[in-house]
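J.: This is what each chain is made of:
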Amino acid sequence: MNIKKLGKLALPYLVWMLVLVGIPLLMIFILSFMNTDGVSFAGATWTTAAWEKMFTLADTTNLQILGYTFLTAFVATVICFLIGYPMAYIVARSPFSNKFVILILTIIPMWSNSLLRNVALKNILSESNILDSLLSRIGLSFSIVFANQDQATFISIVIGLVLTFLPFMILPIYTVIEKIDESLLEASMDLGANRVRTFAKVTFPLSMKGVTTGIIMVFLPCFSGFAIQKLLSSGTVYVLGSLIEVNYIHDINFVSMLSIVILVLIFGSMMIVNKVDKEGATLV
Amino acid sequence: MGVRKKEPGRITRYLRRPEVEKVLQSIANVLKYAFFAFFMFLMYLPIIVIAIQSFNESTGLIYQFTGFTFDHWKNVLTFNLDSSLMKAISTTLLVALLATGISTVLGTIIAIGIHSLPQKKRQGMVFLNQVPILNADIITGISLMFVFKIVAEVIPGVFGIPSLLIAHVFFCIPYVVLSVLPKLAELDDNLYDAALDLYCKPAVGITKVIIPAIMPGILTGMLIAFTMSIDDFLISFFNAGQVNNLSIYIYGGYNRRLAPEVYAYNTILSTVIIVALIAMYVSSSLKKRKNLKREPRHA
Amino acid sequence: MKIMSYWGSVNGRGRSMAKKLIELKDITKMYDGTAVVDHINLYINENEFITLLGPSGCGKTTTLRMIGGFEKPDSGEVVMNGAVVNDIPPYERPINTVFQRYALFPHLNVYDNIAFGLRNQKVPKAEIAERVENALKMVSLPNFALRKVANLSGGQMQRVAIARAIVNKPKILLLDEPLAALDLKLRQNMQYELKEMQRKLGITFVYVTHDQEEALTMSDTIVVMKDGVIQQIGTPTGIYNEPKNRFVARFIGESNILDGVYVRQNLVSFMGAEFDCVDTQFADGEPVDVVIRPEDLDIIDAVGAKLIGEVSSSIFRGVHFELCVMVQGKEFVIHTYENRKVGEHVGLRVDSYEIHLMKVEHVEH
Numbered sequence: 349m350n351i352k353k354l355g356k357l358a359l360p361y362l363v364w365m366l367v368l369v370g371i372p373l374l375m376i377f378i379l380s381f382m383n384t385d386g387v388s389f390a391g392a393t394w395t396t397a398a399w400e401k402m403f404t405l406a407d408t409t410n411l412q413i414l415g416y417t418f419l420t421a422f423v424a425t426v427i428c429f430l431i432g433y434p435m436a437y438i439v440a441r442s443p444f445s446n447k448f449v450i451l452i453l454t455i456i457p458m459w460s461n462s463l464l465r466n467v468a469l470k471n472i473l474s475e476s477n478i479l480d481s482l483l484s485r486i487g488l489s490f491s492i493v494f495a496n497q498d499q500a501t502f503i504s505i506v507i508g509l510v511l512t513f514l515p516f517m518i519l520p521i522y523t524v525i526e527k528i529d530e531s532l533l534e535a536s537m538d539l540g541a542n543r544v545r546t547f548a549k550v551t552f553p554l555s556m557k558g559v560t561t562g563i564i565m566v567f568l569p570c571f572s573g574f575a576i577q578k579l580l581s582s583g584t585v586y587v588l589g590s591l592i593e594v595n596y597i598h599d600i601n602f603v604s605m606l607s608i609v610i611l612v613l614i615f616g617s618m619m620i621v622n623k624v625d626k627e628g629a630t631l632v
Numbered sequence: 014m015g016v017r018k019k020e021p022g023r024i025t026r027y028l029r030r031p032e033v034e035k036v037l038q039s040i041a042n043v044l045k046y047a048f049f050a051f052f053m054f055l056m057y058l059p060i061i062v063i064a065i066q067s068f069n070e071s072t073g074l075i076y077q078f079t080g081f082t083f084d085h086w087k088n089v090l091t092f093n094l095d096s097s098l099m100k101a102i103s104t105t106l107l108v109a110l111l112a113t114g115i116s117t118v119l120g121t122i123i124a125i126g127i128h129s130l131p132q133k134k135r136q137g138m139v140f141l142n143q144v145p146i147l148n149a150d151i152i153t154g155i156s157l158m159f160v161f162k163i164v165a166e167v168i169p170g171v172f173g174i175p176s177l178l179i180a181h182v183f184f185c186i187p188y189v190v191l192s193v194l195p196k197l198a199e200l201d202d203n204l205y206d207a208a209l210d211l212y213c214k215p216a217v218g219i220t221k222v223i224i225p226a227i228m229p230g231i232l233t234g235m236l237i238a239f240t241m242s243i244d245d246f247l248i249s250f251f252n253a254g255q256v257n258n259l260s261i262y263i264y265g266g267y268n269r270r271l272a273p274e275v276y277a278y279n280t281i282l283s284t285v286i287i288v289a290l291i292a293m294y295v296s297s298s299l300k301k302r303k304n305l306k307r308e309p310r311h312a
Numbered sequence: 004m005k006i007m008s009y010w011g012s013v014n015g016r017g018r019s020m021a022k023k024l025i026e027l028k029d030i031t032k033m034y035d036g037t038a039v040v041d042h043i044n045l046y047i048n049e050n051e052f053i054t055l056l057g058p059s060g061c062g063k064t065t066t067l068r069m070i071g072g073f074e075k076p077d078s079g080e081v082v083m084n085g086a087v088v089n090d091i092p093p094y095e096r097p098i099n100t101v102f103q104r105y106a107l108f109p110h111l112n113v114y115d116n117i118a119f120g121l122r123n124q125k126v127p128k129a130e131i132a133e134r135v136e137n138a139l140k141m142v143s144l145p146n147f148a149l150r151k152v153a154n155l156s157g158g159q160m161q162r163v164a165i166a167r168a169i170v171n172k173p174k175i176l177l178l179d180e181p182l183a184a185l186d187l188k189l190r191q192n193m194q195y196e197l198k199e200m201q202r203k204l205g206i207t208f209v210y211v212t213h214d215q216e217e218a219l220t221m222s223d224t225i226v227v228m229k230d231g232v233i234q235q236i237g238t239p240t241g242i243y244n245e246p247k248n249r250f251v252a253r254f255i256g257e258s259n260i261l262d263g264v265y266v267r268q269n270l271v272s273f274m275g276a277e278f279d280c281v282d283t284q285f286a287d288g289e290p291v292d293v294v295i296r297p298e299d300l301d302i303i304d305a306v307g308a309k310l311i312g313e314v315s316s317s318i319f320r321g322v323h324f325e326l327c328v329m330v331q332g333k334e335f336v337i338h339t340y341e342n343r344k345v346g347e348h349v350g351l352r353v354d355s356y357e358i359h360l361m362k363v364e365h366v367e368h
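Protein chains in written order, with my numbering: chain A, 349 to 632; chain B, 14 to 312; chain C, 4 to 368.
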């Protein structure tokens, strides 16, 4: 294509991104070290109050929230990987002539509102639930009983996160496994590796790109969201996102500081993605 | 695989017998697909429950199925909804349709631009384009809110549908760009030149040749953009002002009973999308088959 | 062979008298600070089949693209029919192109691909149908109109690409390595067909290739390029028999190239012996590069021969044998019809008119 002429079409996008990404990031950074009234800087002073609100040993409530958030996100991501990798592998290596259909099957749940799906999930996980109500008509029952409320909340949240974000783990992994040249596997077997070894030494390393993307695409929303957690705990649990939700109108400085905590994670993951997947091939 | 060859043990030898191996293979296959089906089922379980709820007559308790009714479906299809739900649904659809349209057009143009950049700059732009995708929604939401708060100083009415729409366009464009770029990379480098060579002016060359050739990528991007837009909660939450979209509406009702029409609406919408996609898929594969029949391939 | 080259040079003189269609005057094109085309001067005549030949990266495709209008030269002028056309876009030039890997429009069928240019020129529908049909006949693909492009074989795509270009009746047809993706047999057939097509259509073909055999087979004129610089312009026989420098001699056909000294008129010395020769344009005692083609060396008895060596290898090449003979530590390649055993001592003989002398180039890569 006529290189120099059409390249101009991308220029406004650069400006658009700088305005909508660059400026706010700068603001977030500056605001986290100030006490302002909203976004107006009038009469504002430099302070580390926002940071102290989080990282203080005098009151560890917020640190505990951070820990709980990390724990739920971490557990959900690990489970997503343990379920999602085999599922992606099964689809990609299936003999079915039409993988497209199976793939669509994994995407279909995404066309239902994700919050509504979690409302439904909460229903299922309640002691008396709609499935039980239906099954009781034919003399069956269905009910999950938890040991205590804390356990119930934690497990519910993890299940909710896993079921909501599982497709984001499956799709990128599927994309890379699907692209692995069949002849590489044959070459590996030809060179004396059995199936297990071929998987460990060829397939898995080659799918790392998708795994990395998948893990990031699951962990980040699990770590930074708050709606699923709130729905499934009926508002009894606070996560990092909840702190932002509660404070976003009145305490912009604290919210900015919380954003930086999340941004640090994102920055790390972007570096990783940029290393393993320069053209963004696994993101769609 | 060691260098030393060990004589396989009795159990190994038994397992390597063809008839045994065959049985083991089929057991493994069954387990494999059972695993797949089980988690597929788990993913669908909430949707099944949503569908059940959409027919649930019970007006009081959502945990009880008291009887079967079509009323909720009828209410959705006749727009007989309570006003807050009605507003939430219409906002969601309006924003989704507009955002999808705008981001598809802009995303395609941007993708063509990025594709035409020299390699170093292109990689830079691709990376920049990934920022909103990799960025946590909550950060995108807050970032845009900051920008709109500044804009609101000048244009007070920006919060609401305008801010919501711009925010959605913002996070939809990257998906379109990412879907279109690989299609552009597949194209013959000379395709655009060929159009110019055959008397197309530059703009005509793009619309007549490049756009049709990358159409599948554009459609994919469009579908993803729409999917992301109708389901978005976090970014909308911070940028909707006083307006509610469906996700915000559902979130707001976390501790109370949702209007049963929500379930019906959700079921209808996903059914429509699925049916439309299946229809598109079937018609395209029928066309392909017809072409193959009409034009037997010569070796 | 020299006789033919004599005719070649007559043609060469005739070439400058024919009508010039395009002229490239002192053209330079830079990419990232390096000149991919470096001050080239070239003219192309009406009805000429001219080939730009060179290794990849020699600037031949860039030159072609500047003629087509896809690239603008950084300096110099492209002159067409007496007018400078540097700024005329491709869609306003009476030139069509057959692109490398064809660049067929994947979303259109064969008919729509070929009709594409005509439609853009607002040619009436009935005329389009007729011209497309004729073009399809011309490339021997009748009844292919409704085929999907994706279902065609490489050779068929190639023909559609040619039809899509010639249907517009251009004054000049540019072909960018059009046969590179085809297999050997098909490529040879297409070479013949293209030449025939050019004769029938009576239009100018500017052909880009890195394949010297293709260039020798089809061209009226060959332009040998290297590193953005034209090395030699001439007829196929002229370039084969009288390469101007080591690069051309090596790139076109196989050659034995030796260091020699021009002793005096009609006498050259190399490999410690003196030989008669016919070249005259050197100063007495001037060092020269001596070129002898493998088929011009004859094997004779070692006794009394000026060049004596030992056969180091022998390969059967179908029609001839390819022998390598070591003479005073220098390897000679010889094409001969009679085989000799490896290790055998043989003499080599060369006729005076088969010895070609070239000016020594000081920059030798």
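One thing to keep in mind: the hints can contain errors.
Unchecked claim - Footprint (simulated), chain B over chain A, 3 or more residues, beta carbon under 8 Å:
id, segment
1, 488 to 502
2, 520 to 533
As the list claims (entries may be wrong) - Counterexamples of contact, computed for chain A against chain B with all Cβ distances above 10 Å:
id, residue
3, Thr396
4, Met402
5, Phe403
6, Val426
Just so you know, the hints here were simulated from the structure itself, not pulled from any lab data.
All C-beta atoms in this analysis are idealised placements derived from N, C-alpha and C, irrespective of residue type, glycine included.
J.: If a hint holds in the structure, say so; if it doesn't, say that too.
T.: Verification of the hints:
no. : hint       : result
1   : 488 to 502 : violated (count 0)
2   : 520 to 533 : violated (count 0)
3   : Thr396     : holds, 20 Å
4   : Met402     : holds, 16 Å
5   : Phe403     : holds, 20 Å
6   : Val426     : holds, 15 Å
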